[in-house]
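Colleague: Sequence:
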Amino acid sequence: MKAKGFIEFEWNGEIIQNAILTWVKSLFGGFSFFPLSVPFFERLNCFKSKELTLALSGFSSGYYEIELQLFAAADEGRTEPPSERRRREEKEKGNVPKSNEVASTLVLLGGTGVLFLLGDTLIRNTAVFIKKYLPMGMKLDRFGAEEFRVILSGVSRDFFNLLWPVLAITLVFAIVGNVVQVGFMFSPRALAFRFDRIAPNFKRVLPNRQTLFNLLKSLAKVVMIGIISYILISGDFLKVLLTGNMGMMQAITLITYSGFKIMMAAGLLLLGIAVADFYFQKFEFEESLKQTPSEAKREMKEDSGDPVMKNRRMQLARDMMQGNMLREVPKADVVITNPTHYSVALSYEMGRDSAPRVIAKGENRLALEIRRIARDNDVPIVESPKQARLLYAQVEVGQEIPQEFFNAVVQILITLEKFRKKVGMG
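Mind the numbering: the sequence shown is residues 71 to 496 in the numbering used here, read in order.
Simulated from the structure, these hints should not be mistaken for lab results.
In this text, a Cβ means the ideal position worked out from N, Cα and C, and glycines have one as well.
Some hints here could point you the wrong way.
[Claimed, not checked] With a straight-line cut-off of 27 Å between C-alpha atoms, the simulated DSS-like cross-links for lysine-lysine are:
hint	residue 1	residue 2
1	Lys-401	Lys-456
2	Lys-401	Lys-488
3	Lys-352	Lys-168
4	Lys-371	Lys-161
5	Lys-367	Lys-352
6	Lys-488	Lys-456
7	Lys-291	Lys-352
8	Lys-168	Lys-291
9	Lys-161	Lys-352
10	Lys-287	Lys-360
[Said to hold, decoys possible] Computed beta-carbon distance windows for the label pairs:
hint	residue 1	residue 2	range
11	Ile-221	Ala-197	17 to 23 Å
12	Ile-221	Gly-253	45 to 51 Å
13	Val-220	Met-316	33 to 39 Å
14	Pro-151	Gln-464	16 to 22 Å
Using the sequences and the hints given, assemble the complete structure.
Modeller: Below, the structure written as structure tokens:
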């Protein structure tokens with residue numbers, strides 16, 4: 071049975087209007103260092119919350135039923151964090167956490183900015199373009215095919231020259247919008263044909279966390295852009311009504327500047343939404359990469375082999391190493407033991423070794439086996455619990471004993487008649 075919940079929405083005009091206006095002012099206040107945002111901020115400071123009543127009059131109280139399952143993990147049982155292998159495979163496919171809102175918002179801000187900075191030039195060039203080709207448009211029926219081709223070529227060339235700065239800037243901002251999110255990345259596999267791209271948005275129709283977030287995001291865009299547009303248009307409304315009494319260039323400048331203010335304000339609002347969308351998409355991407363315990367186990371098996379077989383191979387390697395080590399015990403000069411736990415076999419070859427060398431060691435059952443082999447081969451066994459523990463813990467098989475053990479080990483060795491004869495001491 072699916073768990074259900076309710077969101078209650080009660081419209082308290084004054085409280086919500088004040089909250090929305092405070093949020094908008096805070097957002098633009100954060101951009102007050104940007105000169106182009108100053109006109110917006112000055113207008114907002116003069117705007118009162120009661121002026122939102124008309125703009126928000128369509129909202130009413132109510133409650134909405136939602137399924138709480140929307141907020142659960144996308145796939146039940148996916149509790150294991152994604153592995154580096156899974157991340158790498160998804161990146162090779164071109165699947166990375168990315169928000170389209172970031173790129174589109176930067177394109178909007180960049181395009182609006184370049185239109186503002188080059189506005190006078192664009193208006194003059196547009197006027198020249200119209201004066202040049204409008205009379206020709208009135209006489210098209212008089213032109214032959216060759217003349218029409220020349221005119222069309224000129225229109226295309228001049229139109230491109232008119233707009234290329236805007237197109238270039240928007241292209242740069244589109245690239246930057248993607249690079250800041252995923253870096254410089256090229257994935258040939260992302261260009262390959264896949265059947266799931268035929269209807270990529272089909273799953274988004276079904277209720278889930280992504281569709282709910284997209285709904286809230288769309289509502290936020292409509293409401294906030296509507297509010298800021300109403301605020302800014304209301305400030306210039308009377309001026310726009312008087313454009314009939316202005317010169318053409320003055321009227322165009324006023325309307326263009328009003329449109330620029332709205333576009334920049336909308337862009338800054340959308341930038342805040344884009345940042346939130348980026349972090350949400352990153353969270354959703356991480357959730358989609360999570361694995362079930364069985365998937366994680368299977369992946370580990372593929373990367374490092376079957377754990378059972380791996381343990382078996384390690385055991386065989388240990389057995390082989392122990393077998394080689396035990397074959398060295400008969401060559402030992404002495405086996406130092408802790409009677410019940412440790413055995414360390416030492417050997418010293420004059421001319422080869424600068425100090426006695428550990429050739430075998432073991433604890434518990436292996437220690438007993440070392441002692442048994444030593445007895446069978448007449449290797450002296452000396453009980454020295456302290457030295458046995460220290461040698462076992464600090465010296466590896468094949469290593470010479472450290473200097474701090476010299477005195478104690480030499481004292482043991484010189485008491486052994488077999489060793490004294492070996493080194494010519496009697």
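Colleague: Compare the structure with the hints numbered earlier in the document and write down the numbers of the violated ones, lowest to highest.
Modeller: 14
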